[in-house]
Amino acid sequence: KNEVEQSPQNLTAQEGEFITINCSYSVGISALHWLQQHPGGGIVSLFMLSSGKKKHGRLIATINIQEKHSSLHITASHPRDSAVYICAVRSGYGGSQGNLIFGKGTKLSVKP
Amino acid sequence: NAGVTQTPKFRILKIGQSMTLQCAQDMNHNYMYWYRQDPGMGLKLIYYSVGAGITDKGEVPNGYNVSRSTTEDFPLRLELAAPSQTSVYFCASRHGRGNYGYTFGSGTRLTVV
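Going down the list, the protein sequences come from chains U and Z.
To convert, count from 1 in the first sequence and add 7; that's this note's numbering.
To convert, count from 1 in the second sequence and add 168; that's this note's numbering.
Looking at chain Z on its own, in the form it has when it is part of the complex:
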């Protein structure tokens, strides 16, 4: 049981490039989340999804896009990368609407230069 798998673990992008951060879970969780973690700050929610075909913006969505075509996958797309998007990105999932625990991926460290 792999849990939440994020790829890649590290990436360096040049300003203006685009990339997709991959997130997959094998626990049949309905809810999935993308967070970013900046030094000295708490994690901030970028986008979330409550099921296949349904996504919504979080606190800091600008510069990002997501899709949820299957229950398992929740990719995060960066268009026109900017230095402000240098961060560590975490994907997480949980089962449903009630008080269920969260499972986090191992993170993607992204640097935009």
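If we strip away everything but chain U, and leave its shape as in the complex, we get:
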């Protein structure tokens, strides 16, 4: 079993829809990251969370440490939101030097 699981793997939405991407993890963490990768492009950091909730524009990220679960929400989705969204956790303990463990990503396609 992967240490970081994302769902769904693929998601197609109509423009304007509310979108939720989920991330569950099985290790103790010091932080969780949400990343965005456009087709053929680089990786951009969206959020880093260790508790609670963060909001940036139409994007909202939440984390429940007790349940080892995080969600990324996109409100009023737009075709430019089409990308792969990656969840990554940082164990941050011992000799790991803060190395990230990545989920496989959720491919989002928003249709106009």
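Treat the hints loosely; a few may be bogus.
Result set (BS3-like, lysine-lysine): computed pairs, CA atoms no more than 30 Å apart in a straight line [stated by the list, open to error]: (1) 225(Z) / 75(U); (2) 212(Z) / 114(U); (3) 212(Z) / 62(U); (4) 212(Z) / 75(U); (5) 212(Z) / 61(U); (6) 114(U) / 61(U).
Part of the chain Z face toward chain U, derived, beta carbon under 8 Å [said to hold, decoys possible]: (7) 208; (8) 211; (9) 213; (10) 269; (11) 274.
Beyond 12 Å from chain U on every Cβ pair, some chain Z residues (computed) [unchecked claim]: (12) 186; (13) 192; (14) 221; (15) 237; (16) 243.
In case anyone wonders, no lab produced these hints; they're calculated from the structure.
Glycine included, each C-beta is placed from N, C-alpha and C at the ideal position.
Since the structure of chain U is provided, determine the placement of chain Z on it from the hints.
Structure of chain Z alone, referenced to chain U:
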């Protein structure tokens, strides 16, 4: 402020050839990382460095080497390229040991034929 710069963006290698993927950051970050991304898989850590002169293996180091002679540069060397090294490679950096965000480069798409 350029962030993390990776070169080249694309490269085709023949089996057995060698090459160096370049990574440079201008943010004075201590920690630097090399990852590879294969289709349908999460990013895997190849090597990392916590400062100039210090490097360590990640999850998938075989077939690769790194050096960190300066804070800014963290090149990844492929010796005797193999088809299994066909992948997209990302370099990343962050400031220090605490919960700092990561900055990623734009990636290098490498094909070994």
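Tested hints:
Restraint check for residue 225(Z) and residue 75(U): satisfied, since their Cα atoms lie roughly 28 Å apart, inside the 30 Å limit. With a C-alpha separation of about 18 Å, the suggested pair residue 212(Z) and residue 114(U) falls inside the 30 Å cut-off, and the hint holds. About 28 Å separates the Cα atoms of residue 212(Z) and residue 62(U), which keeps this hinted pair within 30 Å; it holds. Note on residue 212(Z) and residue 75(U): the hinted pairing holds, with a Cα-Cα distance of about 21 Å set against a maximum of 30 Å.
A distance of roughly 27 Å separates the Cα atoms of residue 212(Z) and residue 61(U); the hinted pair therefore holds under the 30 Å criterion. At roughly 22 Å between alpha-carbon atoms, residue 114(U) and residue 61(U) fall within 30 Å of each other, so this suggested pair holds. Annotation: residue 208(Z) was flagged as interfacial toward chain U, and the flag holds, the nearest CB pair being 6 Å apart, inside 8 Å. For residue 211(Z), the interface hint holds, the least distance from its beta-carbon to any beta-carbon of chain U being 4 Å, beneath 8 Å.
For residue 213(Z), the interface hint holds, since its Cβ comes within 8 Å of a Cβ in chain U; the closest pair sits about 6 Å apart. Interface restraint check for residue 269(Z): the shortest CB-CB distance to chain U comes to about 5 Å, inside 8 Å, so the restraint holds. Hint on residue 274(Z) holds. Least Cβ distance to chain U is approximately 4 Å, under the 8 Å limit. Against the 12 Å criterion, residue 186(Z) stays outside the reach of chain U, whose nearest CB is about 25 Å from its own CB.
For residue 192(Z), the shortest C-beta to C-beta distance to chain U comes to about 15 Å, beyond the 12 Å cut-off, and the non-interface label holds. Even its closest Cβ contact with chain U, about 15 Å, leaves residue 221(Z) beyond 12 Å, as expected for a residue assigned away from the interface. Residue placement check: residue 237(Z) keeps its beta carbon more than 12 Å from all beta carbons of chain U (closest about 19 Å). Look at residue 243(Z): its CB is around 18 Å from the nearest CB on chain U, clear of 12 Å, so calling it non-interface holds up.
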